[in-house]
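Novice: The listed protein sequences correspond, in order, to chains Y and S.
Position 309, counted from 1, in the first sequence is what the working numbering calls 798; the numbers after and before it change by one each time, with no gaps.
Position 78, counted from 1, in the second sequence is what the working numbering calls 567; the numbers after and before it change by one each time, with no gaps.
To be clear, the hints were calculated from the coordinates, so they are not data collected in a lab.
Just so you know, not all the hints are guaranteed correct.
To be verified - Straight line, CA to CA, 16 Å or less: simulated EDC-like cross-link-like pairs of lysine to aspartate or glutamate:
id, chain 1, residue 1, chain 2, residue 2
1, S, K582, Y, D678
2, S, K649, Y, E646
3, S, K583, Y, E646
4, Y, K583, Y, E526
5, S, K653, Y, D812
6, S, K712, S, E663
7, S, K583, S, E663
8, Y, K791, S, D553
9, S, K522, S, D553
10, Y, K719, Y, E786
11, S, K616, S, D602
12, Y, K582, S, E646
13, Y, K649, S, D606
Unchecked claim - Here chain Y is said to cover these stretches of chain S; the calculated rule only asks that three of the stretch's residues, wherever they fall, bring their Cβ under 8 Å from a Cβ of chain Y:
id, segment
14, 606 to 616
15, 653 to 661
Nothing here was measured: the structure is a model prediction, and the numbers come from that model.
Glycine is no exception: its CB is placed at the ideal position from the N, C-alpha and C atoms.
2 protein chains.
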Amino acid sequence: MALENDLILRAARGEQVERTPVWLMRQAGRILKEYREVRGSLSGFKELVETPELAAEVTIQPVDILGVDAAIIFSDILVIPEAMGLPYQMVEKKGPWFENTIKSQADVDKLRDASVDDLGYVFEAIKITKRELNGRVPLIGFAGAPWTIFCYMVEGEGSKTFSKARRLLYTHPELSHQLLDKITNLTIDYLKGQIKAGADMVQVFDSWAGILDYKQYREFGTKYVSKICKAIKEVPITVFAKGAYQARKEIASMECNTIGLDWNMSIQQSKSIIGPNKTLQGNLDPCVLYADFKRIELETHKMLNSFGSQRHIANLGHGVYPDTNPDNVRCFIEAVKSYQHK
Amino acid sequence: MALENDLILRAARGEQVERTPVWLMRQAGRILKEYREVRGSLSGFKELVETPELAAEVTIQPVDILGVDAAIIFSDILVIPEAMGLPYQMVEKKGPWFENTIKSQADVDKLRDASVDDLGYVFEAIKITKRELNGRVPLIGFAGAPWTIFCYMVEGEGSKTFSKARRLLYTHPELSHQLLDKITNLTIDYLKGQIKAGADMVQVFDSWAGILDYKQYREFGTKYVSKICKAIKEVPITVFAKGAYQARKEIASMECNTIGLDWNMSIQQSKSIIGPNKTLQGNLDPCVLYADFKRIELETHKMLNSFGSQRHIANLGHGVYPDTNPDNVRCFIEAVKSYQHK
Numbered sequence: 490m491a492l493e494n495d496l497i498l499r500a501a502r503g504e505q506v507e508r509t510p511v512w513l514m515r516q517a518g519r520i521l522k523e524y525r526e527v528r529g530s531l532s533g534f535k536e537l538v539e540t541p542e543l544a545a546e547v548t549i550q551p552v553d554i555l556g557v558d559a560a561i562i563f564s565d566i567l568v569i570p571e572a573m574g575l576p577y578q579m580v581e582k583k584g585p586w587f588e589n590t591i592k593s594q595a596d597v598d599k600l601r602d603a604s605v606d607d608l609g610y611v612f613e614a615i616k617i618t619k620r621e622l623n624g625r626v627p628l629i630g631f632a633g634a635p636w637t638i639f640c641y642m643v644e645g646e647g648s649k650t651f652s653k654a655r656r657l658l659y660t661h662p663e664l665s666h667q668l669l670d671k672i673t674n675l676t677i678d679y680l681k682g683q684i685k686a687g688a689d690m691v692q693v694f695d696s697w698a699g700i701l702d703y704k705q706y707r708e709f710g711t712k713y714v715s716k717i718c719k720a721i722k723e724v725p726i727t728v729f730a731k732g733a734y735q736a737r738k739e740i741a742s743m744e745c746n747t748i749g750l751d752w753n754m755s756i757q758q759s760k761s762i763i764g765p766n767k768t769l770q771g772n773l774d775p776c777v778l779y780a781d782f783k784r785i786e787l788e789t790h791k792m793l794n795s796f797g798s799q800r801h802i803a804n805l806g807h808g809v810y811p812d813t814n815p816d817n818v819r820c821f822i823e824a825v826k827s828y829q830h831k
Numbered sequence: 490m491a492l493e494n495d496l497i498l499r500a501a502r503g504e505q506v507e508r509t510p511v512w513l514m515r516q517a518g519r520i521l522k523e524y525r526e527v528r529g530s531l532s533g534f535k536e537l538v539e540t541p542e543l544a545a546e547v548t549i550q551p552v553d554i555l556g557v558d559a560a561i562i563f564s565d566i567l568v569i570p571e572a573m574g575l576p577y578q579m580v581e582k583k584g585p586w587f588e589n590t591i592k593s594q595a596d597v598d599k600l601r602d603a604s605v606d607d608l609g610y611v612f613e614a615i616k617i618t619k620r621e622l623n624g625r626v627p628l629i630g631f632a633g634a635p636w637t638i639f640c641y642m643v644e645g646e647g648s649k650t651f652s653k654a655r656r657l658l659y660t661h662p663e664l665s666h667q668l669l670d671k672i673t674n675l676t677i678d679y680l681k682g683q684i685k686a687g688a689d690m691v692q693v694f695d696s697w698a699g700i701l702d703y704k705q706y707r708e709f710g711t712k713y714v715s716k717i718c719k720a721i722k723e724v725p726i727t728v729f730a731k732g733a734y735q736a737r738k739e740i741a742s743m744e745c746n747t748i749g750l751d752w753n754m755s756i757q758q759s760k761s762i763i764g765p766n767k768t769l770q771g772n773l774d775p776c777v778l779y780a781d782f783k784r785i786e787l788e789t790h791k792m793l794n795s796f797g798s799q800r801h802i803a804n805l806g807h808g809v810y811p812d813t814n815p816d817n818v819r820c821f822i823e824a825v826k827s828y829q830h831k
């Protein structure tokens with residue numbers, strides 16, 4: 490089915506757009522009371538992820554309520570380790586928690602020979618979403634980057650330092666590569682499955698890129714993200730590696746269409762490092778949305794002006810914070826939509 | 490009293506040294522069983538901080554046990570907000586927790602007109618330490634940078650995003666500056682008190698520098714660190730702003746002697762940004778100390794070679810992780826001490 494609004498796809502491919510497209514990371518989530526109502530009727534976050542009809546419903550909410558130019562499928566990056574045999578719980582106010590983690594070769598050997606057939610509920614949610622979106626806006630699929638998934642599989646929970654995960658890189662480099670390879674292969678199949686189900690573009694989130702030094706991130710991080718980019722040719726692919734200041738040049742050399750910038754990355758500097766052949770996505774500080782409308786408009790316009798009118802997808806530089814007022818989110822979206830580039 | 494070993498002071502001042510001095514952030518702490526024994530006999534972390542004889546004892550332990558070239562007083566950056574009227578608890582495995590936080594002008598107005606007289610227990614610990622060190626190595630004093638202290642006073646606990654603290658910068662910029670000013674003034678008095686008590690050099694820790702974008706960090710971060718550097722002329726001062734990739738040039742323009750680099754900052758790039766007029770401190774990845782001795786030596790020598798033989802104080806790029814084997818820490822220290830620059 491032809492899309493009524495394909496701005497984000499054209500921007501990603503470097504084609505001419507009449508205005509900058511806009512969406513928000515975590516737009517389907519706690520900022521919306523409509524989301525909290527659906528979520529509140531369930532046993533937990535995972536039930537929502539695993540129930541295709543409901544995942545589709547919350548995926549579409551921000552399109553209806555906020556007027557964004559793309560939907561992103563409601564899911565979780567940790568479905569991948571779970572499919573590999575490491576189930577997890579999402580603990581309220583704490584985050585993910587894995588009972589079993591990877592500590593040794595034996596733990597890697599014990600992993601299931603996972604196939605994406607186990608992730609059918611995500612594909613089903615994508616199919617339902619596509620049907621219900623009915624061509625209004627494109628649908629974004631996503632996965633975690635192998636390094637970020639590795640972090641959770643080894644650490645077993647969130648961490649300020651991820652020192653257990655980083656420790657394994659020094660003590661068991663071969664085992665680390667073996668695990669990263671397994672994650673990468675499954676992730677490629679998973680993204681291809683999402684595309685087959687209807688995703689119009691995909692994004693890879695490397696949330697913990699910033700905790701490795703440049704050399705280590707190249708060895709254990711970009712190597713695998715690059716492999717994913719190479720394998721995905723069907724739709725545009727975006728790489729968002731938070732905190733990867735020193736790897737921007739490396740990421741610019743990948744076969745991706747779009748590079749996400751976090752809110753701390755200077756736009757001018759990033760443009761000069763990355764060059765003109767990629768689309769950039771981002772990067773308003775999510776805390777700007779706590780300010781009044783006037784300030785939100787001012788900061789949004791400054792950002793748009795710095796990125797320029799083409800090869801930019803407007804977004805925040807991080808997921809929208811859950812206590813953000815939806816009216817302020819709408820103010821941001823309207824500020825993007827109404828901006829006239831000089 | 491003349492110091493037997495003043496390598497670190499000479500390195501900080503840019504004077505010639507015959508070898509690179511070495512110490513570790515968090516060297517007085519959980520890595521040592523001798524520390525855990527002292528700590529285990531007490532009700533909690535804060536009792537140790539507030540008992541000068543015991544704080545002095547654990548401060549000196551790494552000098553005796555590990556052979557470092559400096560001691561750093563055992564204390565906590567959060568004694569400053571506490572002196573200002575926001576008491577906190579250190580919750581085991583969770584970190585600091587403040588019952589009252591700063592949310593409005595009224596909360597700032599309610600703060601005590603704090604004086605460093607309330608921090609006499611730290612000065613007393615410094616005096617005892619100096620006496621017991623008996624000139625063996627210099628003693629480092631420290632404080633948190635105003636922005637980092639502000640984070641805890643507003644957020645009330647650790648956070649991945651410190652979105653409440655960052656929110657205040659947008660919603661109440663004037664109030665934010667007023668609070669940062671108060672913190673800065675007390676911090677200057679506090680560092681001067683530490684110096685008067687015997688600290689031979691001081692370090693300012695800006696642990697949350699990396700969560701602000703460059704412009705905001707300049708407005709709310711470096712402005713106040715710079716004020717502290719200007720005020721401290723008695724002894725060498727070190728600024729360690731973790732994650733402040735984009736502010737290194739700014740920090741290089743401060744009246745500080747030494748700039749700490751985190752483990753993710755490229756040494757070559759930092760040298761070229763900062764220039765030859767500052768001493769650099771750091772920056773081995775603390776996870777290297779999980780590897781075997783051969784690898785620790787190799788990585789330490791690579792680091793020493795990149796920094797060069799002068800204007801360098803060897804350290805990790807982050808506090809030593811609590812589960813590090815002290816034998817591996819000793820291996821690192823010995824690798825620094827025995828290295829012959831080509």
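Novice: With reference to the structure, classify each hint as holding or not holding.
Specialist: To see whether the hints hold, each was checked on the structure:
For the hint pairing S/K582 with Y/D678, the CA-to-CA distance comes to about 38 Å; that exceeds 16 Å, so the pair is violated. For the hint linking S/K649 to Y/E646, the alpha-carbon distance of about 13 Å falls within 16 Å, and the restraint holds. Between S/K583 and Y/E646 the CA atoms are separated by roughly 14 Å; this keeps the pair inside 16 Å, and the hint holds. In summary, the hint linking Y/K583 to Y/E526 is not supported, as the alpha carbons are separated by about 21 Å, beyond the 16 Å threshold.
The suggested pairing of S/K653 with Y/D812 holds, with an alpha-carbon distance near 10 Å, which does not exceed 16 Å. For the proposed pair S/K712 and S/E663, the alpha carbon gap of about 14 Å is at most 16 Å, so the pair holds. Using a Cα cut-off of 16 Å, the hinted pair S/K583 and S/E663 is violated, with the two alpha carbons roughly 32 Å apart. For the suggested pair Y/K791 and S/D553, the alpha carbons sit about 56 Å apart, so the restraint of at most 16 Å is broken.
Taking the CA atoms of S/K522 and S/D553, the gap is near 13 Å; set against the 16 Å cutoff, the hint holds. For the hint linking Y/K719 to Y/E786, the alpha-carbon distance of about 38 Å lies beyond 16 Å, and the restraint is violated. The straight-line distance between the Cα atoms of S/K616 and S/D602 is roughly 26 Å, outside the 16 Å bound, and the hint therefore fails. Between Y/K582 and S/E646 the alpha-carbon distance is near 14 Å, which keeps this suggested pair within the 16 Å criterion.
At roughly 34 Å between alpha-carbon atoms, Y/K649 and S/D606 are farther apart than 16 Å, so this suggested pair is violated. Residues of the segment 606 to 616 of chain S with a Cβ under 8 Å from some Cβ of chain Y number 0, which does not satisfy the need for three, so the listed coverage is violated. With a cut-off of 8 Å between beta carbons, the segment 653 to 661 of chain S has 5 residues touching chain Y; three or more are needed, and the interface restraint holds.
Hints 1, 4, 7, 8, 10, 11, 13 and 14 from the list above are not met by this structure, while the remaining hints are.
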